[in-house]
Every structure is written in C-alpha cells, then in structure tokens.
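Q: Here's the letter readout for the chains.
Protein chains: 2
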Amino acid sequence: MAKFVYLFKEADGKNKAMFGGKGANLAEMTKLGMPVPEGFTVTTEACTKYYEDGEKISEDIIAQIFEALAKVEAQAGKKFGDPENPFLVSVRSGSRASMPGMMDTILNLGLTDVSVEGLAKLTQNPRFAYDCYRRFIQMYSDVVTGLGKSYFEEIIDELKHKKNIKLDTEFTASDLKELIASFKALYKDKIGTDFPQDPRQQLIGATEAVFKSWDNPRAISYRRMNDIPGTWGTAVNIQSMVFGNMGDTSGTGVAFTRDPATGEKVLYGEYLMNAQGEDVVAGIRTPMTIDHLKETNPEVYDQFVKITQKLEDYFKDMQDMEFTIERGKLYMLQTRNGKRTAHAAIKIACDLVEEGLITKEEAVLKVEPKQLDELLHPQFDCVMLRSSTVIAKGLPASPGAACGKIAFSAEEAVRRAEKGESVVLVRLETSPEDIEGMAVAKGILTARGGRTSHAAVVARGMGRCCVAGCGELVINEKAKTVTIKGVVYTENDYFSLDGSTGNIYAGKVNTVPATVSGYFGRIMQWANECRKLKVRANADTPTDAKQAREYGAEGIGLCRTEHMFFAEDRIAAVREMIVSTTVKQREKALAKLLPMQKNDFIEIYKAMGNYPVTIRFLDPPLHEFVPHKESEIKALAKEMDIAFEELSTIIEGLKEFNPMLGHRGCRLTVTYPEIAVMQTRAVIEAAIECNKSGANVKPEIMIPLVGDIKELKYVKDIVVSTAEKVMTANKVKVDYTVGTMIEIPRAAITADEIAKEADFFSFGTNDLTQMTYGFSRDDAGKFLNDYYDKKIFESDPFQKVDQIGVGKLMKIGVQLGRQTKPELKCGICGEHGGDPSSVEFCHQIGLNYVSCSPFRVPIAILAAAQAAIKSK
Amino acid sequence: MAKFVYLFKEADGKNKAMFGGKGANLAEMTKLGMPVPEGFTVTTEACTKYYEDGEKISEDIIAQIFEALAKVEAQAGKKFGDPENPFLVSVRSGSRASMPGMMDTILNLGLTDVSVEGLAKLTQNPRFAYDCYRRFIQMYSDVVTGLGKSYFEEIIDELKHKKNIKLDTEFTASDLKELIASFKALYKDKIGTDFPQDPRQQLIGATEAVFKSWDNPRAISYRRMNDIPGTWGTAVNIQSMVFGNMGDTSGTGVAFTRDPATGEKVLYGEYLMNAQGEDVVAGIRTPMTIDHLKETNPEVYDQFVKITQKLEDYFKDMQDMEFTIERGKLYMLQTRNGKRTAHAAIKIACDLVEEGLITKEEAVLKVEPKQLDELLHPQFDCVMLRSSTVIAKGLPASPGAACGKIAFSAEEAVRRAEKGESVVLVRLETSPEDIEGMAVAKGILTARGGRTSHAAVVARGMGRCCVAGCGELVINEKAKTVTIKGVVYTENDYFSLDGSTGNIYAGKVNTVPATVSGYFGRIMQWANECRKLKVRANADTPTDAKQAREYGAEGIGLCRTEHMFFAEDRIAAVREMIVSTTVKQREKALAKLLPMQKNDFIEIYKAMGNYPVTIRFLDPPLHEFVPHKESEIKALAKEMDIAFEELSTIIEGLKEFNPMLGHRGCRLTVTYPEIAVMQTRAVIEAAIECNKSGANVKPEIMIPLVGDIKELKYVKDIVVSTAEKVMTANKVKVDYTVGTMIEIPRAAITADEIAKEADFFSFGTNDLTQMTYGFSRDDAGKFLNDYYDKKIFESDPFQKVDQIGVGKLMKIGVQLGRQTKPELKCGICGEHGGDPSSVEFCHQIGLNYVSCSPFRVPIAILAAAQAAIKSK
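So the protein lines, in turn, are chains V and B. Residue 137 in my numbering sits at position 137 of the first sequence, with consecutive numbering throughout. Residue 862 in my numbering sits at position 862 of the second sequence, with consecutive numbering throughout.
To be clear, the hints were calculated from the coordinates, so they are not data collected in a lab. Any given hint could turn out to be false.
A pair counts as met if it fits within one copy or between any two copies, since identical chains are not told apart.
What the hints assert, rightly or not - BS3-like cross-link-like pairs, simulated, lysine-lysine; straight-line CA separation at most 27 Å:
id, residue 1, residue 2
1, K782, K655
2, K78, K329
3, K16, K79
4, K485, K329
5, K121, K184
6, K713, K56
7, K588, K782
8, K629, K655
9, K162, K14
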C-alpha cells in the first residue's frame, strides 16, 4: 500500500515534488527543532490519485489521514470533536511552486456547536471560542461549498450597523453567537443542508476542497502564465491550531529576512496582536512593524530573530515566514523563499555571494529571468500611481509604462510627435502601415487582438509599452473619440498605460526611466560565464541593433528586411514593384530601393561591429504593402498615375483565402527572382562598403519559408550568382553564408536534404507552431480560452515552445541537419527565443544560439546560463 | 570509363531504364532477327550526365558516339559526309515511358550541300535527294535551333502558289533545290550562322537537342500529369536511314496488332507509298489501310504480318509499330506496347489471358488505373461532337460529358431541374451553399478556381462533370448572361461541357451513358483477388453510398456530416444553432437537427449493408453556414426574427484571418460540446434503429483536426458518455468505435500518444499536405505554376501524395500508432485515396484501407491490386 500521509517529522524536507513547498519546509523546520505545531502532510501524489480516481479521495487515503490525525491528537492530548477538550486543526494547500489562485487556508477546523462550548469553557474565553467558530464557518463555507465571503460580510455589516460599532473586535461574545446563528441559517438556506457537525467530515471536505482548488480557473491560468505543469498537484497540510486571537498576549504576523522591495538586509515584517490569519492583511486594523515587537516582547523577538537567521542560513535565501504568538509563546507556521522585486532579487543574489552563502552559479539560479523585464522598461512614478484610477484593463502585451495624449492614427501620431508632443496611439488594431506611428508613440493601446497580435509583437520588438485587446474601448476614428464605460476621451486627453499589468489610467501618470544598477551587470557577467548558448537579437533597425548590443546581444539572429519597406520614403517604390507587370518595370522599381536598403544594412553592420548579422529576405505576402479601402486605392492610383480599375484588379488579385498559407517567403523569390537579386546586392555591397574601413562584416543571408531542398537551391543559386557578380565587379571577397529558416514542418522532417544547401538553420517557431498545430495565432484566440478552461492546453504554444510536438520537429530538424553537416549552426529566431523555458529547451536540443527582441536579450542570457547550470 | 553508347545488338533489351523504350525494343527486335536498320543507343545515363555537367555533352560521350558510328558505317559500307556515298542517320529520342512533348525525330541527318549531290547521283534520283535535304533542314532547324516549322511552311506555300500546284509530291527536283536555297537563307537570317555543313556537328547538335527536350515545358507538364520522375532522362537512338520516299516501291506506315479503339484482334494500320516520316499523319495525302498492302505487295505484307505476330507473342501485349519499305524491302523502325482506349485496354487484357499469353495478375497490371475514369462517366456522342465548336476551354476538373441549358444560380438550377429541364450550372465560383444546385445540374462550369477548388472537389465527389477556372467567361448574374469572346449566352442557351478535356461547346451535344462491359467486371474481380488494401468510398448521401457499393466499395471511409447541414430543410436550424448565445438555445436548435441527421444515417447504413461506415463529425468553420452579403444578412435576420445589427455582429465575429487554420474540426466541439452530443445521438440511435431489423451496423465515429491527445480525449469522453446514455436508455449495445483523422502534423508526430485514445486512424492528406507544406490549396494556385516551370516541384502534392515529406509523416504516424496499438486500423480519406501512385504508397506503408470518391473506387481497387502484385 502506497504511503500518502506523513507526519512533519517523518517527511523528507528536500522533496518538494512530493510534499509541496509548505509541507517540505514545515518538515525542515521541525527537524531543525523550531517551534512548529505538530501536523502532517497529505502528499501531492494523493492529489494526482484523486484526479485519476475521478475526483474521489480513496478510502485508503482517508484511513491514512485519520491514522496520522490520531498520532497528532495523542501528542496534543486532545481529541478531534471532543466536547470537553476539542482538538482543532488548520488545513492549508501547498504545491511544489507557490501558487496564488488556489485555496489557501481553513483555520479552526474541528469546531462544532458542541465543541465550541468546550473550547469556551477550557479557555475560559467564550468570546474567543465564538470568534473562532464564526471565522471557521466563513472560511469553510467559502472554500468548500463556494458560498462567497460577501454573504457573510453583509451579515456582519448589518450587525455592526445595528450595534453601531466599527471593528470586529468590538463584538461581544453574544454578538458573535448571534452571528454564528445567522451564518448557519444562511448556510442551510443556500446549501440546503446543515453546517457539518462532524469534524471528520469537515476534514475530508476541506482536504477535497484543496485538491479541487488545484484545478480552478484562476489556478489554471496562473500555471499557464508561470509554466507550471498541471500534473504536479498540490499537497495538503493539516496542523494543530495555535491561536493568535487568544487575547492581548497572542498575535500573528508575517516577516521577511530582507526587504523584498529593495533587497536590503534588514528584518522586515508586520504583525497584529489578538488576531488570526487574514486579519493582518485585511487592513481593518493597521498592523505594527516587527521592530515594535522588540519593545513589547523582547524575549519572543530575540527568539524570532534567531530563528529567521537560522532559516536564511539554512535555505541560503531570503525567507518569507508566518508566525503566531499564543499566550506569549512563539510558533512558526511557514517559511519559504520570499517573493521579491527584480531589484531586490539581483541585490540579494549578489549579497548572498558576498556573504559567502552561495556560489555565483547559485546566484544566477536565484534570479527569475522573466522578472528582468521590470528592470528594462520605464515604470510609473509610484506616488502618482496611487492617486490614479484604472478606467479599463486590457492584455499586458508589452511591458513598461507610457503616458501621452491620445492619437487616433499613425500619421497623426507622427505629426504630433514631430512637434514634440507625447502621444499614445489608440487603434482598433494595428497593421504594418502603422509601424512609424508605433515607433514615435510612447505606448500603444488596441481594442482588438491578443498578446501575439501585430501590435503586441511589433511593440515588444521595439520595447514599446503596449496594452492590447481592451474590448471596452469604443473607438470612433472619424470623430476622434474613444469611449470607455460611457466616458468620452478625445485627442486632448491623456492616457497612461501599464504594459506589464494591462491597466489603463485616465490622465497623466509620470514615468521614471529604467535604472540598471551595478548588481544587474554583475549577474549578467556571471550568467555570461556560465552559458553555452549564444544570444542574439531580432533587430530591424540601427536603433534596435544598438540597443541589442547594449543589452549584450552577440549578433543579430533576425533582421526582417520588410520592415524597412514600410518606411514612408520607400513604400511608393515597393508599391511600384508590386503593380509591375513586366520584369523590367519591377527591376526599375527595385533599383530605387537598392540604395536605401544598402544604406540600412551599412548602418546595421556598423551598430553590430563584427558580430554576425542574419538578414532574412522579404517574407510577407505582397498585399500587406498595398491599401485595401476604395478611397485609399483611388488615392494611390492617382499618385501612381494608373487607372483605378487597373490598380483595383491588381490588388484584388493579391487577396488570399489564407494569407498565412499563401504567396510569401521564398515563394515570392521563385515568382520574382529580381527581388532576391536586389536584396543580395544590397547585403553584399553594404558589406564591401563597411569592410573598406577595416571592418570584417560576415552577413548571413536567410531564406524564409523553405519547405523543399529544391526551393532553397533555386533561391540560393540566385543569391550566390548575384553575390559573385558583385564581388567580381568590386574585386573583393565577402565572407557571407546562405542559410534557411526551418519554419515549415516539411523542412524539419526533410532537414537532412535541406542541410545539403544550407550553411545554417534558424528555427522560426512562430510559423512552425502555426503549421504544426494547424492553427494561426490570429485566429486561435477565439478558441484557446476554451482549451485552457477544459484543461486541453496548459500553456500558450506561441509563448512557450510546445516541446512534445513542435519541439519534436525541432529535435528532428537538428538531428537530421547535423547528420548531413555535423557542424551545422542552428538557432531560433521565433518569439520563443526570449522565453526562459523555451531557451532551456533550445539548450537541451543543442542549438548554437537563440535570438529574441533586444529587450529580452538579458532574459535570454540569464535563462541560457540557468539551463547550462541545471544541465551540469 | 563508363559505357554510354551501345550498338542495338549489344544493348540489353530488358533494360528500359538505361536504353529507353525505343532503344530497348530496337535491341530486342535486332536480337529476334527482324529487319531493323543498324544503329546504336546513347543511354539515359548520358542524359543525366549531360544535366550534371551543366548541360554539356562530355568529350568522352562524344568519342563513344563516333566510335559506334564508325562501326555502323563499316557495316553499311558508307561514310558519314562522304560526297560520293554518304551515310545518313535518323536521330530519335526514347525515354523509359512513352512521352509526347519531347523532341521526336530528325531524319536524313548527314546531308549537306555536297553530300546531297552524292545521294542524287548514287540513287539516280535527284528529286528524292533534294526532298530528303529540304526535309532535313526543316526538322533540324525546328528541333535544334527552335526555328519553327511555320516559317518553312510559308515558303513552301509561296512556291506552290507560284507554281500553281497543291501537293508536295508535285514539286520538281529544281523546285526543291529552290526551296533548299530559300530555307538556308532563312536559317542564316534568323540564326545568324550558315546551316551546318559538318555532319558530325549536326549529329552532336541533334543529340543535344534530344537531351534538352527532356526538360522543355511540355515534357515537364506531361511528366507531372503522368507521375514520371524528372530524374529518368531520355536515351537517343541513332540509326541508319532507310527511305520510304525512294519512289513508288517505297513507303512508310504505322500499325497496331489489335484495334486500339475497340481492342478487337485485327491488324490495324495505315501507310503511304513514296513518303517519309510525318507524311502519314500530316493529312495532306490520305493514307491507305494496311489491308491494301496485301493486295499490292503480298510478299511484304505476309512478312510484316508474321513479324507483328511474333512481336505480340514476344512482348505479350498489343504492339504499335512503325515500318518503312525501301524499294520493296521491309524494315522495322519501332515497336512498343500500343496506347489504347480504356475499353480496348480491358478487352485486350482479358483476351490475352484467354489466349494463354498472360496470367490474370499480368492482365491486372496491363490496365492503367487512371484510364478507368473514361468508363465510369457519360461521354459525348462522337458524331455530334465532330460538328460542334469549342468556344472556350477551362480546366478539366471532373470527368464526363454534360449538356444543358444555362442556370446562373443554385436555386434556379434546382427550380428548373424540378421541372425536368437539363441544366448546366454556370458560376463565378461555387460555395457550400450551391451544393443542391450542383447535385441537380448535369454539369458545372466556373470562371474561377483550379482543379482543387470547391466546385472541382465537390463535383468529383458527386461524379458530376465539371469544367473549372475558365477565365474567358464574363458572368453577369443579375442580367443572367454569360459572355464568351463577345458572344452573349442566356438561360435559353445550351452549353455542353467535357470534364475530361475542359472543352466548352455552344449548343447541344448529346451524351451517351457510361457502359461497363463484362470485361470491366472481370478485371475488377481479378484485381479484388490480388489486393491487400481495402477500398472504401467517401460518401455523404445514400445516393453516393449506393453508387459506391455498386462500384465495389467495402464501406464508407468518410461521411462528411456537414454536407447534410447545407440542405434547404436544415440550414435554418443550423443557423439558429450558430447564432445561439446560450447552451440552451443551441441545444434547442440542435434538437431540430437530430431527427434529420439520424434519418440520414439510417439511409446510409442501409445502403452500405453491414459494411463499416466512418462518420466524421462537424468539420468546417461555422462561417461557411451563414451569408456574408448585407442583403442576405438582412433577409436572414428577418427570417430569424432578430435584429440585423445583432446578426451582423455575430457573423462578423465568425470571420477569420486564415479560415483553414481557424475554429473548425474538433475545436468546434471543444467550444460547443452540444454539437458532438447531438451527432453521437444521431449515429447511435440510427444504428439501433437499423439493428432492430436484423442489421449489424458498426458505426465508426471519426473526430477531425485532432492535434493533441487531450483534445481527442475530451471529445471522445463526450461521445462515449452520450453513446452509453443512449444505449442504456434503449437497453441495447451498438458495436461502435471512435477514431481520429490524422491531418495535423502534430497528430502524426505524437501518434503514439494519440493512439492511446483512438480506435483507428484515418489520414486526411488534404489538410496534412496543406499544413506540412505550409500552403493552402486555395492559394497555392498562384505560385505552383512557377514551381513547375522552375523545376522545383514535379507534381501537384494535392493530387499525388508527396512521399518524401507528407508521406514521411504518414509513415511516422503509422509506426508510432502501431507502437501503441499493434493492430491499429489505419486508412486514408483524402482525395489522394483515389490516385494510383498514392494508393501504391498507402500499400507500401501498410495502411489497411484507402477511401476515395465513389467514382474512383474501381481505380483505387485496380491500383491496390497492382501495388500488391508489384510488391510481391
């Protein structure tokens, strides 16, 4: 018979997978001889079994629970449900990783109409006993039956009103008795049965509630955002109650061994006397700082400080602890590695190294890569923020804070920004034509689209703050108004956006620039010493390239040439090329683009020094470059001096049923080889230009959307023969290579063939994910929520590489490619390149580099270092 | 040094891969002691080397050619370019498979200004000599330099006009001399050099022209349509000239050992005296039937008949032969297995078995599966067809012939067909709403869309004639007119369509129904005895199901339930379901559909007897069921009694960027489980109903578009629990299974997981091809032609399974699936299931069955049998 229940003193405190974080640390503290109330842990395996058994706790597990309970009762000399001397417990969840959203705590479990009287008599404190009971009814009803807290708060408020009092502590024992009666009546009314009077039934009910809460929507959503697998399950910790609400010599509190906001090494905490559980954070009474305890109870304070130091030394990290003082005696209820801000995280990691507690590698592991985002973007002024109102909430699409007046179109944003105005671009959704407006805006707000919409992807690439998909916006572009909950805002109003939370504030909230302290640099240096993966950036402009270098990028892994095509001074030539009906016309238009594109490359090469630059040839379908509204087509026809009908026909001809599966990528080159000729000239001529002044530029030409070796060969032949011509004409050699994206499933499974023609592979995991799953990221938003709700998907495959499916294709691609060319350089340039868990996967399958947006480069560096350390 | 050139007597006549069909058979005839002019073959390997060497014939091969030439010269006692006694040759291409579109023949090679005089003197026939020379100049110019025949025809016509004569034979020797002078002047004018006077240069030029013709666009296109790999290459046959134009005792002709139209065992052929090469088929002089030779030259006739019989006995098939009589002496120039009609093919195969020449298995191999199409569709009355004019040509999208008055909408087609009118549905393009109109029309004609457009796919499924993508149609739906080349046709005009050629005829051309002779049945029976693969049909209606059974289908492999949803009596309920905003509303609408769908299944089960029926649950995105034009939405809103704005918003919300990658397949069930509940009820209740009357229906429920095991499990759980409920309520059991389509790359590569929940796999190769290549069939039409032209693709992956990429995923899918369940039933239900080469592939990778449209069932049966025989 498998063992599912362990006393704290039996449990293996190193095994968080089995006992959860809380249970494991309770075991550790117990073993360290700290004052921990007795108890036991029901393991995460019991939770897994609960789900396997069709959401049923097996008889076996129930028996083991009561067996453990009996031992703890014996220890305490009390009996569960004893009318004279009742044994009470707390029930708390505890998964491997800390997980808000799950059921947290039920206190005072074991109280019934009978045993509450015993407790009153025993403690000679009826008020205390009734207070415990009414709290228990509230908590139990909420977490076990879903009968919300608000119902109870209403009853409490009514009674306060009737009694004309303000604080809970002002209730008398008989007030509390009255409350209990009302609560029980409410329970019976809403649930249909009496409030359970059997403590054993209460205990099993509470245990099941913990298991169930593992799969409630908030927990699922939290897991998705934090890469926590649904298979882990939660443990349940059942522990002897100690009481912080037994009068003025009792109390309860929380503390950190270091300041979680700044990282400073000072004991930081708060507590309340004569209080229980959530009272400390509920905000009705103002808690006291931990220093106050030094004055009022120096003995307990000294004992507590010693314990906190011992815990930090033992766990080698800043601890977040819960404690209770019962009639002057200290009890430790919990300890865990404390959550902290990014600033605190890097300071603490560095300090712990200096203090000799941990190694540099351990320090690197202590910083959560995703958290670095905070350090790399401007934030709101905290003081101003407190007095600002959130008027709506969208999706946190690109981090940072932004403030500016509303602009309703990209042109308007450009015009007003040129005059020195700060603007926030507000659009229904953005399209490639909005690029320039997005670049000049402080932030971008859209009504439609998810975290992978055009606005979100482009904004993240630019490091620009973006809140996307805020359905509450009603935008009237013509009238230049946006209405939110009935309030109308115009171009004269300020919006302030928080791209990390999705919050939208009306009015001005000042921002403070990102500050990268010396600690940051130190962690990055240690990370650089550890990692094996190179880290590059996706950068399309010299500005991005410079930014990327500053953040430590070792080259460009993806330079999207099409973004250059949208610029105002080029789009006319691009359109001229598109509407060309002969090769000659097309070549003429391309000739206009050549010097501009060449110049772009020169600037980018310069920004990257001698680091490699991977240039991807034109990728998007041509219809993205032309207007689709009749009025715009008319205007363009006039501008281009061709008939409206002719232009309309051409534009109509570019329409596609499934643009994602259409005429784009290298397919464009197969149809119009002239485009690749021009782009090759620009790449090679720019390199020659730079090399004249002593540089040694090594351009890497990357062919997108290849699915067949012959396709790659066709394009490569054009590239090579053009490059040869240019080099011969200039009598120099350029050290260039030609590689391909692996973003089509067929390319991955025929990678042995494709490697014959490719100098390098770069996995385009955005498209690869779309094709492998058969859904486009633009459309998946419609059903992915159902997939999360129904537990079919745990995470968004566009955020985190799907290692089972897409990852398998990547693995196959790398293996087959290196079967042909053992030294084949393989990288990734999809958005996944900046996602820590995906970076770890890339390390595991042996990629040479990851490439991500400049603002995620430090994150990728840290994740790469952690992957290398973990795989040792 | 590899050997690239073989004398006919040295060559291995069994090795067509190396010597091509023509060369191999010349070798065979030589060894059989038949009167074959001496010569030699340059192998297909030389052709491959020619392309490998960058389109250059290596010195080595040239040396081998002249070495062989010297031997043949010695035999003939003549010398190449000898001014007294010139040796002349013919140069002919010859690939492994017979391939029209390539260069065919150059005769009289070796003639120059000097040697022509020698020939004249030697034969004492200057007219003959000059005629040979002018023919040679024409042929050589055309095939080697691309200087078209029409230039020469013009000169000939001018001279005829001047001389006032009609036939070439009326030219005098000096006329011909004049022609030669004009031809050479033309050559010099257009090509810039003199006509080559070095016979060796001529020979190498002609050889290279043959190699080059292997890759001309017509040849590439022919290969694509006939599954011939581009790697095969062609051989070149160089042979001593014999002359059919040496006067009235000379002649040339072609003959078949059996009638290629009917298969009857009679010698069938034509010849012309005093003629050369193409004169027989040029139609200027009317050739004589072979019987005529019996009278005029019984000796040669007898010799010829003996040879033809010997050849047929030797090759064990009907032979197509070319012969020449030079001054009364017979020469055999070529023999090959003759092309024949489908009718002839099956009769000849059966006859050869009866004659004891071949086995049944060999007979099965002798019939080309694709040809059977001809036997299964109505054809035009040949006599009427001859007097009809082709007014336009579209793509041959679905075979057969059709004739009817023009209908411009599906509703109109239905209305008029109900009155007994024969109609042809003429549309810009068709959509799912046109289904009923398509079903009642005799044929379908569209202006847009390719061979895989909606119209084409649905028409093929229905066995309905369809001509698609005829760009010359200008349709005015409102005015009910269609204009072709300026001529206006109305609803009172007849169109006749040939779906096998794409021809469109104005007016009425009667059709004759398909006749399936007893020979057909016999071949099918033999095929059934040989094959291992089961053959099922894709059928959505009882009519299709019956048709499928008649053609030998052993079950339904794909019953698309959505086609039932478009019917006029259902679409209202379907739309009601779509616009529902609550589960209750949706269930109410579905309740209306339940009895109809149940009844459909009852009828289909009945039609299939106890054969298995695979029912695929709702697959297409919901927006396919709602109108998108404002006027139609208004009408629907009125009909449904909801506000126009509300309906518009709902319909707008259904729009997708990439519908192919959108909310469809099992994703619909995840969002709306009610749909699967209804469909399961219908499937199971229908089965119970049928089983009451003694049947033993075994429905196979198939879940589409699965990409993840959890997705399948979610849907399967709904299906199973619903089925259990229905069976419990009815107190019976139904022997049903639940399987999945494998049509998403992720499903194929995680098939080991998916097999845990699937009772069977069915490869949906249409979608699998789209996702694996990353292009949709609706959009690929725009660039696939460029891919063929540039030799990147050899065949359409939507017609023929791409064995390297998509096929690899299929193999992986089967292997992984059977790793989990060794007996897992695997099939295919994409359109590829009816393509012979794809059927062979399915046999090779161990599928259990293929499923295709009813009209392709016999083709699949034959292909399956051939695959089994070949793999022995």
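Q: State for each hint whether it applies.
A: We went through each hint and held it up to the structure:
1. In this homomeric assembly, K782 and K655 come within 27 Å of each other (Cα to Cα) both inside a single copy, at 23 Å, and across copies, at 10 Å.
2. Proximity of K78 to K329 under the C-alpha cut-off of 27 Å is restricted to the intra-copy arrangement: shortest distance 19 Å within a copy versus 125 Å between copies.
3. Neither within a single protomer nor between protomers do K16 and K79 lie at most 27 Å apart by alpha-carbon distance, with minima of 30 Å and 95 Å respectively.
4. For the identical chains of this complex, K485 and K329 are neighbours neither inside a copy (53 Å) nor across copies (102 Å), given an alpha-carbon limit of 27 Å.
5. For the identical chains of this complex, K121 and K184 are intra-copy neighbours only, at 22 Å inside a copy versus 129 Å across copies, given an alpha-carbon limit of 27 Å.
6. When the C-alpha separation of K713 and K56 is checked against a cutoff of 27 Å, the pair qualifies only between copies, where the shortest distance is 20 Å, while the shortest distance within a copy is 60 Å.
7. Taking the closest pair of Cα atoms, K588 and K782 come within 27 Å of each other only across two copies (24 Å); inside a single copy the shortest separation is 44 Å, beyond that limit.
8. Within a single copy, K629 and K655 get their C-alpha atoms as close as 13 Å, and across copies as close as 18 Å, so both meet the 27 Å cut-off.
9. In this homomeric assembly, K162 and K14 never come within 27 Å of each other (Cα to Cα): the closest approach is 53 Å inside a single copy and 109 Å across copies.
Checked against the numbered hints above, the structure violates hints 3, 4 and 9; every other hint is satisfied.
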